[in-house]
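Could you put the whole structure together from the sequences, leaning on the hints where they help?
So you can see what is in the structure, the chains are spelled out below.
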Amino acid sequence: MPPRLGRRRMAGTEAVSTGVDRMPVLRTEGLTKFFGGLCAVRDFDIEVPEGALHGLIGPNGAGKTTVFNMVTGLYAATEGEVQFMGQPILGLEPHWITQLGIARTFQNIRIFPNLTVLDNVRIAYHPRAGYTVFDAILHTERFERREREITEQAQGFLAVFGLEGLQDEIASSLPYGQQRRLEIARALAAEPKLLLLDEPAAGMNPQETYELMDLIHFVRDQFKLTILLIEHQMRVVMGICEWITVMDFGEIIARGTPREIQSNLRVIEAYLGKRSVIGRRTATFVQEA
Amino acid sequence: MGEHWKWIVGVVVFFVVVQLLISFRALTTYWATILQKACIMAIVSLGLNLIYGFNGQFSLGQWGFYAIGAYAAADITYRWKQGDMAGLAVVLGALLLGVVFLVFRSRGTVQRIGIGILGSTAVGWVVHWVVTGSASPWSYLVDVCAVVTYLPQSVSAQVVLLAALFFGATAAAAVSYLLGLRLLKMGGDYFGIATLGFTMVVKVLADNADSVFPEMKGARGMVGTPQLASWFWTFLFLMVTVVVMRNLLQSSTGRAIISVRESEVAAKAMGIDTARYKTLAFVIGSLFAGLAGGLYAHRYPTLHPSAFHFVKSFDPLIIVVFGGLGSITGTVVASFAWAISLEGLRLLPRGMELWRYVIYPLILLLVMLLRPQGLFGGAELGFLRRRTWPRRDVAPQAGTAQDGGD
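Chains A and B supply the protein sequences, listed in that same order. Going by the numbering used here, the first residue of the first sequence is number 1, and it counts up by one from there. Going by the numbering used here, the first residue of the second sequence is number 1001, and it counts up by one from there.
What the hints contain is simulated information worked out from the structure, not anything from laboratory work. If you're wondering where the values come from, they're calculated on a predicted model, not measured in any experiment. For glycine and all other residues, C-beta sits at the position ideal for the given N, C-alpha and C. One or more hints might be untrue.
Label pairs and their calculated CB-CB ranges [unchecked claim]:
1) B:Phe1314 / A:Leu272: 53 to 61 Å
2) A:Thr32 / B:Lys1185: 25 to 33 Å
3) B:Gly1188 / A:Leu100: 28 to 36 Å
Listing some non-contacts, in silico: residues in chain A with all C-beta distances to chain B over 12 Å [claimed, not checked]:
4) Met23
5) Arg27
6) Arg42
7) Glu50
8) Asn60
9) Thr78
10) Glu81
11) Met85
12) Gln87
13) Pro94
14) Thr98
15) Gly165
16) Leu166
17) Met204
18) Asp248
19) Ser263
As structure tokens, then:
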């Protein structure tokens, strides 16, 4: 385990101890989703306080992404309630939920492939464009001013993610890691209060992963965000999350600080199977994580 | 505007040269008609490119809206020529409805102008009531339109043409709005088939239009529409369409329209109301089709329903794909290439004319095999090219990112 990870975890746990009474940005209650007879998520309760960096982990197929899709309105929940900043949002159209302040990224990257890097980010400003179709067609002064402002702000977000030199590149031509960063930059440009990241480190090598985790930490502090992060690689979340919720087969099986999760038998069972709980492999697992 | 002066000069020179050639009869009527046909097809196809190429909704309904625009516009000028002001009165009524809408939806100067127009209309109506003793708003509108007859013939004809074109385009847009509300939910191939059905329905309606509007003469074809769409108007409206498309697509609204094509889910996740932008693109695209239909009706002496057969609805599709989906330049170039080559192939040596039905499909096949993305792909030329911005690498501070969001 690289030493950097350990230090970051220490910083994380401090944040949790001071943040117990913060208002929940996201709260779900009894969130349930059936696909036909299959229960993808059952009774999902979570509370994400303001400013938290909260991890949602679990083996493949545990229902993590389904939770994201329900929170962002892409799926209709079968049952339950979702509150964002104290306001119920279940049943709202996805674009309304984004405009309220929840932005997300996708597990399989969904950038706008044929648009430039700059345009990918500028799209996020559309709900706040501040001019009408007629301003655009007639090229009014308001159009010019807002376009310049939007572009400058979008370029700022590109700079945060080290993409400023690539603004005129076609997005699909970027290497994988940069596409992931572009997707996060685009989500940030939507100026959310809550950022949902769906396996941001998927497909990245360890070096890229560490850099990304540093960046996520930085972004959370810089833009005063609350972040909920899905990941199935244990070591990634253990490094940066202050609080972790573990899912398996659609249900929450554990919650706690990374240290608590690491030694939780049900979690180990879910990840490695029942037999591994006994004996030496438990110890190896904990070390690896 | 400044950096584009070369293109503006080029376009004006092209227009003037063609106009002079037509005026001095150096260009036969036949070839002048082909150039106008190219302009008209370019307008329809640009509309389709907005729907299919930029918004990603596969539509075969463009030809139906073209027909609606043609018949709606033709009816206005036809009636005017017969001394019947009813058509113009309908246009005026539609305009006033638009002003009412504007008054409710806008603020500031625009709203004040709108209220002024509505106010003076109301005053005029009262005066009309007192003078003629008729309180009917309809007879008021008809009498207002009769003012056109006091203008010199050449001026009034152009005014009536503009009113008719406006009406044709609006009628097509209005129908597309109602249709789009219902059909755009389906998406994909289903939308394509449904719009194809729409085009067929419009053709059948045109065949039987005489049972409601006798002057349209149904399947016998409508004749007697004044031929007012000159090279000036067709070319001007093509240029207007190109500029409107460009400005629209290079704005935030345009990015929203394109984002729907790129990834609907991602667009939603970016806060874009995808249903709204699908409808918007569909309505604007149909508006262009209606406008082109109006121009067509005033360029060809006979308006026959067979011209609106659904098989012909593949022409704009061919042009859009041939020129490149998502390229304004490509569509305009392909429209001219289409019109000139298809008609130009008629000039093959005597006895060989029928070979154009071999050569034309072969050209299509070869282009699609060798260049499946179309002539221009998604690229643009000159004035239409995407605006580039100087690079800038200052990261936003926590506060400033929120400031601009009003």
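Verification of the hints:
1. B:Phe1314 / A:Leu272: 53 to 61 Å: 59 Å, holds
2. A:Thr32 / B:Lys1185: 25 to 33 Å: Holds: the Cβ-Cβ distance is about 27 Å, inside 25 to 33 Å.
3. B:Gly1188 / A:Leu100: 28 to 36 Å: 29 Å, holds
4. Met23: 19 Å, holds
5. Arg27: At about 21 Å from chain B, A:Arg27 clears the 12 Å cut-off, so the statement holds.
6. Arg42: Label holds. Min Cβ-Cβ 25 Å, cutoff 12 Å.
7. Glu50: 14 Å, holds
8. Asn60: The claim stands: A:Asn60 keeps its Cβ more than 12 Å from every Cβ of chain B (closest is about 21 Å).
9. Thr78: 20 Å, holds
10. Glu81: The claim holds: A:Glu81 sits with its nearest Cβ about 21 Å from chain B, beyond 12 Å.
11. Met85: Nearest chain B Cβ is 16 Å from A:Met85, so the label holds.
12. Gln87: It holds; A:Gln87 is separated from chain B by about 16 Å at its closest Cβ, greater than 12 Å.
13. Pro94: Answer for A:Pro94: violated, closest chain B Cβ roughly 4 Å.
14. Thr98: 4 Å, violated
15. Gly165: Violated: least Cβ distance 7 Å, not greater than 12 Å.
16. Leu166: Given a closest Cβ separation of 10 Å, the condition is violated.
17. Met204: At about 20 Å from chain B, A:Met204 clears the 12 Å cut-off, so the statement holds.
18. Asp248: The claim holds: A:Asp248 sits with its nearest Cβ about 26 Å from chain B, beyond 12 Å.
19. Ser263: 36 Å, holds
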